[in-house]
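Trainee: So you can see what is in the structure, the chains are spelled out below.
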Amino acid sequence: MSDLTLMLIKLVYLAVLWLFVIMAVGVIRTDLLGPSTKGKSKKPKRPAPRRSSPAPRAPRGRRNEPRTLVVTKGSLAGTSLDLTSQPIVIGRAKDCTLVISDDYASGRHARVFSDQGKWIVEDLGSTNGTYLGQQRLTHPQPISVGQPIRIGKTVLELRK
Amino acid sequence: MSAPVPNRPLPPVKRRNAELVMTLMAIGLTLFAMIEAGLTRNGEMPPSLFLYGALFGGLAILAHVFIRFFAPWSDPLLLPIGTLLNGLGLAMLWRLFEATGDTSNGSAMSQLILTAASMAVFAGIIFFLKEPRILQRYPYITALSAVFLLLLPLIPGLGMTINGARQWVNLGFTSLQPSEFAKIALVIFLSGYMVSKRDVLSLAGKQVKIGRFKVLALPRMRDMAPMALMWGFCIIVLVILMNDLGTSLLLFGTFLAMIYVATHRSSWIAIGLVAFFGACALLYPFVSHFRVRMVTWLDAFNPEVYCTDQFLNDPNAFCTTSGTSQQLVKGLFALAQGGLTGAGLGGGQPGYVPEVQNDFIFTAFGEELGLTGLMVMLLALALLVERGMRIALAAKELFIKMFASGISFLIAFQTFVVIGGVTRVIPMTGATIPFVAKGGSALLSSWIMLALLMRMSNNARKPAPQSIQDEGATQVISR
Chain P
5 MSDLTLMLIK LVYLAVLWLF VIMAVGVIRT DLLGPSTKGK SKKPKRPAPR RSSPAPRAPR
65 GRRNEPRTLV VTKGSLAGTS LDLTSQPIVI GRAKDCTLVI SDDYASGRHA RVFSDQGKWI
125 VEDLGSTNGT YLGQQRLTHP QPISVGQPIR IGKTVLELRK
Chain V
149 MSAPVPNRPL PPVKRRNAEL VMTLMAIGLT LFAMIEAGLT RNGEMPPSLF LYGALFGGLA
209 ILAHVFIRFF APWSDPLLLP IGTLLNGLGL AMLWRLFEAT GDTSNGSAMS QLILTAASMA
269 VFAGIIFFLK EPRILQRYPY ITALSAVFLL LLPLIPGLGM TINGARQWVN LGFTSLQPSE
329 FAKIALVIFL SGYMVSKRDV LSLAGKQVKI GRFKVLALPR MRDMAPMALM WGFCIIVLVI
389 LMNDLGTSLL LFGTFLAMIY VATHRSSWIA IGLVAFFGAC ALLYPFVSHF RVRMVTWLDA
449 FNPEVYCTDQ FLNDPNAFCT TSGTSQQLVK GLFALAQGGL TGAGLGGGQP GYVPEVQNDF
509 IFTAFGEELG LTGLMVMLLA LALLVERGMR IALAAKELFI KMFASGISFL IAFQTFVVIG
569 GVTRVIPMTG ATIPFVAKGG SALLSSWIML ALLMRMSNNA RKPAPQSIQD EGATQVISR
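Residue numbers (the numbering used here), protein chains in the order written: chain P, 5 to 164; chain V, 149 to 627.
Same shape as in the complex, but just chain P (with noise of 0.2 Å):
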């Protein structure tokens, strides 16, 4: 091997290494400024058939057991919890199951639990109410899959 050969081969490998770098911040690039316009003109396309899928599964739905309670309004949206035996309580205050840090909530201020195989929410007095869809709360309710309740800004419903 010729110094001068492995001479380039050194100042390749350091341009390619560079060029690692350069393509990472390629990467993160799409952080600061958004996706490139390539991806924004998939991007319209892409949500649509995820919206569009679960309608079709919610009547089903209704009559499969749930197995989760995701937010999908408020600060927490995207969280989920795991359905166990265990019920969940809802509210402001720290020992709840699901902590909202939601100004128009109460300490602890609904419950949803499953009794016989059915998921039921209840308020716990709160002072802005739990809403089923766009009904208030006045005693126990048995819930299903996809319906939303709303606790203040924040607003839940079970999964499957």
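Be a bit skeptical, because a hint or two may be false.
As the list claims (entries may be wrong) - Each computed DMTMM-like pair below joins lysine to aspartate or glutamate, with the alpha-carbon atoms no more than 25 Å apart:
hint, chain 1, residue 1, chain 2, residue 2
1, V, 478, V, 447
2, P, 164, P, 86
3, V, 478, V, 503
4, V, 610, P, 69
5, P, 164, P, 107
6, P, 77, V, 545
7, P, 98, V, 534
8, P, 157, P, 127
9, P, 164, V, 347
10, P, 77, P, 126
11, V, 345, V, 545
12, V, 345, P, 126
13, V, 278, V, 534
14, P, 98, V, 347
15, V, 345, P, 69
16, V, 610, V, 279
17, V, 544, P, 107
18, V, 278, P, 99
19, V, 345, P, 107
20, V, 610, P, 126
21, V, 544, V, 250
22, P, 164, V, 279
23, P, 77, P, 127
24, V, 278, V, 545
25, V, 544, P, 7
26, P, 157, V, 545
27, V, 544, P, 119
28, V, 278, P, 107
29, P, 98, V, 371
30, V, 162, V, 545
Claimed, not checked - Label pairs and their in silico Cβ distance ranges:
hint, chain 1, residue 1, chain 2, residue 2, range
31, P, 142, V, 417, 41 to 47 Å
32, V, 217, P, 30, 56 to 62 Å
33, V, 164, P, 71, 23 to 29 Å
Rather than coming from a laboratory, the hints here were simulated on the basis of the structure. This one's a predicted model, so the numbers in the text were calculated from it and none came from an experiment. Don't be surprised by glycine CBs; every beta carbon is placed ideally from N, CA and C.
Fit chain V to the given chain P structure using the hints.
Mentor: Chain V in isolation, oriented as in the chain P frame:
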């Protein structure tokens, strides 16, 4: 449909293909490094290139495929950066040991096996730890296990002292450095603790004013207990009993950073730094190994510190008994020799630096890749930290915010402690560059931290589920 949700720091993009390309490139860079080292040093392609390529490349691609299935929304840069740093370390170890034919101090093959084990643990954490917030449940048990891990080397018969620091545990077939794992346990504990105590730590207290200007908001004395405990532990156990200055500095630094992140109160940092450096100054006359380190740092180029022989009297004599600063000074010479573009992999003499495979692997890179290559390494680590902080910003839960920022800071600070020590910015303390240096415990803990970050980023970046029946909910008018 609708525009992206406002105030969402990360757009919901997966970028898994970008991850694949970057990972392939990292594997390519590793093999390229081995080829360059083999050609320069021995004039031939490395005979085991295919084996390394198949094993290391296969592992990294397996990890990528695994992520596609089990953490598809995770950050696309974490795995490639981990692969690149690990691969660079692997290639350098191959060049130091296998290429020179001397594998008595370590070998790239054993490092490769450790990489495989670490990646298995990485996959296991991503698979089993679906929700990192469950770690929040047992803060005090985590704290106890961290203390237990840190104290493990003090048990007679089990602990080992290597290079003056008592931080190793002998398991018979292998030795472990439990402090590497204690760091992670400590971050978990601190995240859980700070989430529950941040209000009292950040609000209670009184303002110190000079004239009309608020200078500091001092916390109450009774809230000082965690700080005092942490400080006492770092100083008494780690510095005095174990001579493990690196871990002490790392743990205390991470503690300060996390308390600052939780409370946004600079007085905590001021109090912590004053307490730590005050203790160091007080200990200086009494703890001999501490004094040795300071002299080594401040007076490194003094011939008497460099070499215990008086070889200067005879210009033809060699230094036979190395002084304390020899490793540091030779490392600096190696960095200087490297210059801007280095000697090319395989072209330098990194073997002259004692113990070059551990902390000083940085000088080996400096000598052979030069400043240009070192900058890539530092940038890769900086990008890793940036991604980690980004995860903390994107996360919704406080615990995850604390956890991700704690781990990122740990990686950043560890890098600073090592490289600062090697380049004589701070006293040498003995920690390892994440992913790069030889050593199973360090490698394993780096991959564990990467797995935790990946899982957290997956959960933070995953778009919120769309409600199935939206029409039922009353419209909430936002302020």
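Trainee: Any hints from earlier that this structure breaks? Give me their numbers in increasing order, please.
Mentor: 5, 7, 9, 12, 15, 20, 21, 25, 27, 28, 31, 32
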